[in-house]
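Taken in order, these protein sequences are the chains called A and B.
Going by the numbering used here, the first sequence opens with residue 259, and the numbers climb by one from there.
Going by the numbering used here, the second sequence opens with residue 36, and the numbers climb by one from there.
The set of hints was computed from the structure by calculation and includes no laboratory data.
Warning: the hint list may mix true and false statements.
[What the hints assert, rightly or not] The calculated SDA-like cross-link candidates involving lysine to any residue, where the alpha carbons are at most 20 angstroms apart (straight line), are:
hint, chain 1, residue 1, chain 2, residue 2
1, A, 356, B, 132
2, A, 356, A, 307
3, A, 328, A, 353
4, A, 356, B, 88
5, B, 134, A, 313
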Amino acid sequence: SQQGEEDPQALSIQEGENATMNCSYKTSINNLQWYRQNSGRGLVHLILIRSNEREKHSGRLRVTLDTSKKSSSLLITASRAADTASYFCAPLTSGTYKYIFGTGTRLKVLA
Amino acid sequence: KAGVTQTPRYLIKTRGQQVTLSCSPISGHRSVSWYQQTPGQGLQFLFEYFSETQRNKGNFPGRFSGRQFSNSRSEMNVSTLELGDSALYLCASSLNGEKLFFGSGTQLSVL
């Protein structure tokens with residue numbers, strides 16, 4: 259079973275709108291990361307949030323982490339057509355060196 | 036700095052054959068991990084190596100194996116290929132076990 263489970267599976271929005279994706283996980287973690295994948299290519303790192311952090315920003319990205327609910331969210335503000343991609347969360351289980359990715363959220367931004 | 040290089044980019048094999056995929060990490064990165072990506076299953080963790088030692092392993096059968104060389108380059112091998120092994124195989128390297136840098140992947144088709 260997947261450690262990181264993204265929700266929704268697919269999201270379609272208009273350019274300029276905000277996009278919110280959620281991630282739930284099962285175990286205690288050291289950190290949680292978000293990655294983007296374009297068209298079946300390699301994944302690109304977006305942002306890392308540590309277990310003792312609650313919120314982090316990077317440009318148009320805002321990530322929150324709630325360890326009590328074992329959940330995280332990724333907000334992309336003022337989305338652009340170039341943001342069209344699949345987004346994955348990757349929690350790092352405490353005491354391990356493996357990131358377990360989910361099935362991702364497919365975001366489509368319509369121009 | 037060169038990125039993570041995976042070779043070959045595409046591979047076509049028939050059932051029962053074996054295949055070896057190669058991954059050259061970013062210079063200085065000693066951790067290399069491998070993932071299998073299929074449309075229905077998302078990214079599945081295969082294994083992770085650090086300084087030639089396998090530190091973590093996913094839930095794949097023994098037909099899937101890997102190794103890491105002293106220069107941190109890594110190979111993964113799949114023996115007795117099955118149709119279900121058709122997937123994008125992604126390699127990622129990391130400097131300190133946190134942020135992952137992915138290659139473009141090897142698309143394996145088993146006929």
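Hint check results:
1. A distance of roughly 9 angstroms separates the Cα atoms of residue 356(A) and residue 132(B); the hinted pair therefore holds under the 20 angstroms criterion.
2. For the given pair, residue 356(A) sits about 16 angstroms from residue 307(A) by alpha-carbon distance, which is consistent with the 20 angstroms threshold.
3. Distance restraint check for residue 328(A) and residue 353(A): the Cα-Cα separation of roughly 17 angstroms lies within the 20 angstroms cut-off, and the hinted pair is therefore satisfied.
4. This hinted pair checks out: residue 356(A) and residue 88(B) have alpha carbons roughly 14 angstroms apart, not beyond 20 angstroms.
5. Pair hint residue 134(B) plus residue 313(A) holds up; C-alpha atoms about 18 angstroms apart against a cutoff of 20 angstroms.
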